[in-house]
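First residue of the sequence shown? That's 1 in the working numbering, and the numbers climb one at a time after it.
These are computed hints drawn from the structure, not numbers from a lab.
In this text, all values refer to a predicted model and were calculated from it rather than measured experimentally.
Among the clues, some could well be false.
[Claimed, not checked] DEER-style ranges, computed between Cβ atoms:
no., residue 1, residue 2, range
1, Gly16, Arg374, 52 to 60 Å
2, Ser302, Glu169, 32 to 40 Å
3, Pro212, Thr12, 58 to 66 Å
4, Lys316, Gly125, 39 to 47 Å
5, Gly367, Gly113, 37 to 45 Å
6, Ala329, Arg385, 33 to 41 Å
Even for Gly, the Cβ is constructed at its ideal location relative to N, Cα and C.
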Amino acid sequence: MPRPKKGARIYTRQQGGAVRHYGDFRSYGAGREALIPPGETLATTDPLIAQRLFAERVQQLEEQKRGKHLLGISRAATLGSFAAEHLVKKARSGKVTPGWLEQTQKRLEAAIGFFGTGRDLASIGVEDVQRLAHWLSEQPSARGGTISAGTQRHHLNALSNLFRRAQSEGLIRGVNPVAALMEKPTPARGEARWLEVWEAALLLESARTYRPTAAGRHMAPYAYPLLATFLLTGGRESEVYGLEVDDVSFDRRTVTFRPNRWRRLKSRTSHRTVPLWPQLEEILRPYVFGGDRPLGRLLFPSDRTTEEQMISDSRKALDTLATRAGWKAGEIRTKVFRHSYCATRLQTLDRGAPVSPWTVAREMGHGGRDLVDRVYGHLGEIRHRAEVVEYRIDQHAAEIPAERLAPLQRGF
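Put together the whole structure using the sequences plus the hints.
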């Protein structure tokens, strides 16, 4: 560790009955800073920890100075200030959605909370990122456990993208410390959740027979047609939320997913047209031309604002419909419907012959059939060839457990 410059020192302050330690780094061109251990929010009360944190900060400032003069780093940047700058530039690029920005901001805020807003970017190395990864693995999730490996990976990816920008702007030299991390958290890969045809029929029946109560105000008047559109098009969540009325053609019997003012599409091949299957037409026609649909361009606008906007979250509505039909809250999410559509579509006929996986991949918005073969294609227990994709309760009543169907027939 380098010897601190003259004037750099540790000092204490009395706060809330505790003596907390701070560092004076003005001789390095910095300021007075709280000596906060990683993962905490207040200055430490432990003198030994304070000494270690002080020495580490001195080393960071020395390395920052050497990097600027010897490595040609254009300017110093702290994690907090550069994260804000990074998000602004991402927004200006027009290549990311507001939802992506919101999630990325939350993930970067977690990293800032761990490292400290004043942490110099150039001082964060692979070991630091390893400590962050370990800390993330211990953080609580909304469901009571700790956050999953997949969520941890999303956090690290957000930080890695920030470091890529810092590299491109000459703020750091050498490797991206996140990319250089050897053992990154990796989610367990199993078969994704999906619905058998009878399960999809049961869930649709739950939506059709549901009558909102005072406690069910979150249930929009279009819960049934929205659920049917997910199950009978295979659209991604934002794609279905952003459908406009004009995207549904009853004359051509098609549903078109295209970019619009509400949301972009995931990739070039996501702009596509899928069949308007007879069951979906039966559900959407009275909704579109009847009196239940809210006025506006969106097929399913949010009912929570006076200005027309996309739906932002349907989880509470899905939980209501799913628990009526025997699932647990949280089991059914929109990604399930995309997998279910693909599995059911693969069992259909195209002019008398089994449908081509390439046709299904195109309807899913993929550029090739690899994802259909590897991820989205599922082989169900009940397999039958049909001309159309449909989930009709009367066709599968014999397969549905009576205890799951009975509550729907009673109606509540």
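Do the hints match the structure? See the list:
Checked against the hint of 52 to 60 Å, the C-beta distance between Gly16 and Arg374 comes to roughly 56 Å, which is consistent with it. Taking the beta carbon of each, Ser302 and Glu169 are about 38 Å apart, inside 32 to 40 Å as hinted. Between Pro212 and Thr12 the CB atoms are about 60 Å apart, so this pair conforms to the stated range of 58 to 66 Å. Distance hint check: the CB atoms of Lys316 and Gly125 are about 43 Å apart, consistent with the given range 39 to 47 Å.
The supplied range of 37 to 45 Å is met by Gly367 and Gly113, whose beta-carbon atoms lie about 39 Å from each other. The supplied range of 33 to 41 Å is met by Ala329 and Arg385, whose beta-carbon atoms lie about 35 Å from each other.
Consistency with the previously given hints is maintained throughout, with no hint failing.
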